[in-house]
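S.K.: Each chain is listed here by its residues.
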Amino acid sequence: MPTVHFTDAEGEVRDVQGNPGDSVMETAVRNGVPGIVAECGGSLSCATCHVFVREDCLSKLPPMEDMEDEMLYGTAVDREDNSRLSCQLRLTDELDLFVTTPETQV
Amino acid sequence: MGTHTAEQPAPVAAGTGTTAVPTRTGLLIIGASQSGVQLAVSLRALGFDEHITLLGDEDHRPYQRPALSKEFLQGTVESESLIFRSNEYWAEHNVDLVKGEYIVRIDRDADGSGVAHASSGRQFPFKRLALTVGARARKLEIDGGDLDGVLYLRNADDALALKARVGDAKDVVVIGGGFIGLEAASSLQKMGKNVTVLEFGPRLVGRAVGEETAEYFLQAHRARGLDIRLNTSAARFRAASAEGDKQTSVAGVELQDGTVLPAQIVLVGIGVIPNTQLAEQLELTVDNGIVVDRFALASDGTTVAIGDCANMPNPVPGSEPGERIRLESVNNAIEHAKVAAYSLTGRREEYAGIPWFWSNQADLKLQIAGLCNGYDRTVLRRDEERGKFSVLYYRQGQVIAADCVNAPLDFMAVKNALAKGRNIPADAAADPATLLKTITTDS
Ligand SMILES: Cc1cc2nc3c(=O)[nH]c(=O)nc-3n(C[C@H](O)[C@H](O)[C@H](O)COP(=O)(O)OP(=O)(O)OC[C@H]3O[C@@H](n4cnc5c(N)ncnc54)[C@H](O)[C@@H]3O)c2cc1C
Ligand code: FES
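Sequence lines, in order, name chains A and B.
In terms of this note's numbering, the first sequence is residues 6 to 111.
In terms of this note's numbering, the second sequence is residues 472 to 914.
It should be emphasised that the hints constitute simulated quantities derived from the structure, not laboratory data.
Hints may be right or wrong, so weigh each one.
Said to hold, decoys possible - FRET-style restraints, in silico, Cβ to Cβ:
1) A:Val21 <-> B:Arg678: 19 to 25 Å
2) B:Thr719 <-> A:Val82: 55 to 61 Å
3) A:Glu99 <-> B:Arg678: 47 to 53 Å
4) A:Asn87 <-> B:Glu791: 41 to 47 Å
5) A:Val82 <-> B:Ile613: 38 to 44 Å
6) A:Gly16 <-> B:Leu517: 21 to 27 Å
7) A:Arg95 <-> B:Lys891: 30 to 36 Å
8) A:Gly16 <-> B:Leu906: 31 to 37 Å
9) B:Ala823 <-> A:Arg59: 43 to 49 Å
10) B:Glu612 <-> A:Glu99: 25 to 31 Å
11) A:Gly16 <-> B:Lys908: 37 to 43 Å
12) A:Asn87 <-> B:Thr909: 22 to 28 Å
13) B:Arg593 <-> A:Lys65: 47 to 53 Å
14) B:Glu794 <-> A:Glu17: 38 to 44 Å
As the list claims (entries may be wrong) - Reference listing, derived: stretches of chain B covered by chain A, where coverage requires no fewer than 3 residues with Cβ under 8 Å from a Cβ of chain A:
15) 533-543
16) 547-560
17) 799-812
18) 829-839
19) 883-894
Stated by the list, open to error - Taking beta-carbon pairs under 8 Å as the criterion, some of the chain B residues facing chain A (in silico):
20) Gly772
21) Pro879
22) Leu880
All C-beta atoms, glycine included, are put in the ideal place defined by N, C-alpha and C.
One chain only, chain A, in its complex shape (with noise of 0.2 Å):
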C-alpha cells in the first residue's frame, strides 16, 4: 500500500496509508491530518494543500502544470523549490513519499 508521511511544521510525523490513486491531498484529509486544509477539495483552485516534497521523492512525482504552477505563487507560507499540490499529486502502487506541510495554509 502507498504511503504518505507527513511532517508537520513543529516536526510531528504522521505516517497515513491510502489508495492507489487517491491524491495525496485526499489521504491527508480524509484522515484528519491537520497540516492540510484543501478548501476547494482538489479542484487547483485554493492553494491551500500546499506541502514541501523530500528532495528524494521530487523526481518520483509527475511534472507540474503550468496552473499549479501559478497557484503556488499564492500560497500562504512562500513556495521552494521543492513545494508542489497535493491535491495534484496521486498515489501509485509502491509510492512511499515524504512531505512537509507549511506552518499554515490560510
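Using the hints provided, position chain B with the ligands relative to the given structure of chain A.
M.R.: Below, chain B with the ligands alone, put in the same frame as chain A:
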C-alpha cells in the same frame, strides 16, 4: 490526535414509546455537510471535549457538493473522493455520525437544551444546538414541472438521478444561467449532449459578478458552442406525445413565444431557498436565512447557525455598518464554522479572511476574491493569447474584489492584498503584463 478524554453522553430518561434509551449529546449539529462537518472538526481542534452528534437527512456519508456539477457529473472523480472524513476519523474524535434522519421538530427547555424529533420517531436529546441545515433548490412551478426528467442539482441523490438519465438523452435544456446551471451545462456539453441554457434575466450569473465578467462568460460559452438564450423563460414542460409509459417523461420545453425546444432532460438551476423551517418553529428571527450575530449566534443567544442557512453581518472589512449578507460558498461554510466553534467554546472571534469562490465551466476556471457590491470602477486585464481574463473592482480607489478567469496569479494577488488590508492601484493594474503582486501597496 484522537487522545483527548471526551465526556461520554449522559443518559436521560427514556422517552415514551422508544425502545432504546436516547443519550444526550453535548452538541447536536443538524445538517451533516460542509458547515456541519467543519464545525465538528474545528471544535475538536479547539479542544471541545463533549460528545458531538452530527446528524443529517441524507443517506450518504458527508460529501463535498461542488463536484456534483463538475467532475462527478462528468465521471472524472469517484464518489469516494467526495467524502470529507473517514469513518475512523469520526469514531476517533468522538463524533457520532447519524445519517438518514430528518428533524421535524425541536422541543426546547429554558436553558437551551432540548430534544430534536426526527420524522422516523427517533429522538435526539441535546445540551446545545447548531443549525447547519443549508438551503434547498428553488422549484420552478410551471405546467409539467412534475414530469420525469425535470431535475434539480443540490445533493448527491439529485446528481445520481441526473447521471442515470444522461445516457439516454440527446437534448438537455438547462433553466437558469447561474453558476450551477452553467457548470452543469458545460459538463453535459462535454459529455456530448445538445445543451441549451435559458436565462430569464438580461445577463448571466446575476449579481454575483459584474457586467464585464458576465459578458465574458456569455461570449466564451457561445464560442464553445453552448446555445445560451437570455431574456427567455419557459412557459411549460411538455410530455412525450407518444403512447405508452413515456407520457410521464418530459420531451420538450415550450418557451413564452411558443417555440418548443426538444429536451429529454430539463435541469432547473434557479437558485436556492435557505432552510429556516426549524428556526421558525423555534421562533428564532428569520429573514432570508436564520439571522445571526457576528459570533454566529441566533436571536436566542445560544443556538448557532452557519453556512448557507445563515444571514450574518457582512464580515468584509469596510462594509456598511448593519449590512447583512447570506453567502453560499464552501469558503463561507468553513470560515463561519470556525466562528461558531469559537463561540461554542466561550471565545469571541470574528469572521476571518476574505470571501472567495470558484467555479469551473469547461476550460474556464473562474476564481473570485472579495465581494464586488458597491464598486465604482473596474479595471480589465485581458490576455487573449493565453486565455486569461480578470476584472478588478474598486470602491473609492481601494480594490475590493476581483473575478479572474484562468488567471490564478491575479486572483492570489488580490486575495492576499485584501486579506492584509493592502491596495493595488487601479492605473498600474490596467497593464496585463504587470504582475499585480509587484504593485501592491500598503494603503
Ligand atoms: C452542484 C453544486 C455546486 C457547487 N459548487 C461550488 C463551488 O464550485 N464553489 C463553492 O464555493 N461552492 C459551491 N457550491 C456551494 C456549496 O456547496 C455550499 O455553499 C455548501 O455546501 C454549504 O454548506 P452548508 O453545510 O451550509 O449547507 P448544505 O451543503 O446545504 O448542507 C445542509 C445539510 O443539511 C441537511 N438538512 C437540512 N434540513 C435538515 C433537517 N431538518 N434534518 C436533517 N438534515 C437536514 C441537508 O439535507 C444537507 O445535507 C456548490 C453547490 C452545489 C449544490
Ligand atoms: S485542494 Fe485546493 S488547490 Fe489543492
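S.K.: For every hint, state whether the structure bears it out.
M.R.: Here's how the hints hold up against the structure:
1. Separation of A:Val21 from B:Arg678 is about 43 Å and departs from the stated range, judged on CB atoms against 19 to 25 Å.
2. Remark: the range hint 55 to 61 Å for B:Thr719 to A:Val82 is upheld by a beta-carbon distance near 57 Å.
3. Separated by about 51 Å at the C-beta atoms, A:Glu99 and B:Arg678 satisfy the suggested range of 47 to 53 Å.
4. Distance hint check: the CB atoms of A:Asn87 and B:Glu791 are about 45 Å apart, consistent with the given range 41 to 47 Å.
5. Taking 38 to 44 Å as the suggested C-beta distance range, the pair A:Val82 and B:Ile613 does not conform, at roughly 52 Å.
6. Between A:Gly16 and B:Leu517 the beta carbons are some 23 Å apart, a value that agrees with the proposed interval 21 to 27 Å.
7. A beta carbon spacing of about 34 Å between A:Arg95 and B:Lys891 agrees with the range 30 to 36 Å that was offered as a hint.
8. A hinted range of 31 to 37 Å for the beta carbons of A:Gly16 and B:Leu906 is consistent with their spacing of about 34 Å.
9. Between B:Ala823 and A:Arg59, the C-beta spacing of about 32 Å breaks the proposed range 43 to 49 Å.
10. Distance hint for B:Glu612 and A:Glu99: a CB-CB separation of about 57 Å, inconsistent with the stated range 25 to 31 Å.
11. In this structure the supplied range 37 to 43 Å is violated for A:Gly16 paired with B:Lys908, their Cβ-Cβ distance being about 31 Å.
12. For A:Asn87 paired with B:Thr909, a C-beta distance near 24 Å keeps the hint of 22 to 28 Å intact.
13. For B:Arg593 paired with A:Lys65, a C-beta distance near 49 Å keeps the hint of 47 to 53 Å intact.
14. Between B:Glu794 and A:Glu17 the beta carbon distance is about 43 Å. The supplied range of 38 to 44 Å therefore holds.
15. By the rule of at least three residues with a Cβ nearer than 8 Å to a Cβ of chain A, the coverage given for the stretch 533-543 of chain B holds, with 5 such residues.
16. Using a Cβ-Cβ cut-off of 8 Å, 9 residues of the stretch 547-560 of chain B lie near chain A, which meets the minimum of three, so the contact claim holds.
17. Counting residues of the stretch 799-812 of chain B whose C-beta lies closer than 8 Å to any C-beta of chain A gives 3; at least three are required, and the coverage claim holds.
18. Note: the stretch 829-839 of chain B has 4 residues with beta-carbon separation from chain A under 8 Å; the three-residue rule is met and the coverage holds.
19. Chain A is given as covering the stretch 883-894 of chain B, and this holds because 4 residues of the stretch bring a CB closer than 8 Å to a CB of that chain, at least three being needed.
20. Nearest Cβ of chain A to the Cβ of B:Gly772: about 29 Å, over the 8 Å cut. The hint is violated.
21. Satisfaction of the interface hint for B:Pro879 is found here, the shortest Cβ-Cβ separation to chain A being roughly 4 Å, below the 8 Å cut-off.
22. Because the beta carbon of B:Leu880 sits about 5 Å from the nearest beta carbon in chain A, less than 8 Å, this interface hint is met.
Checked against the numbered hints given earlier, this structure breaks hints 1, 5, 9, 10, 11 and 20; the rest are met.
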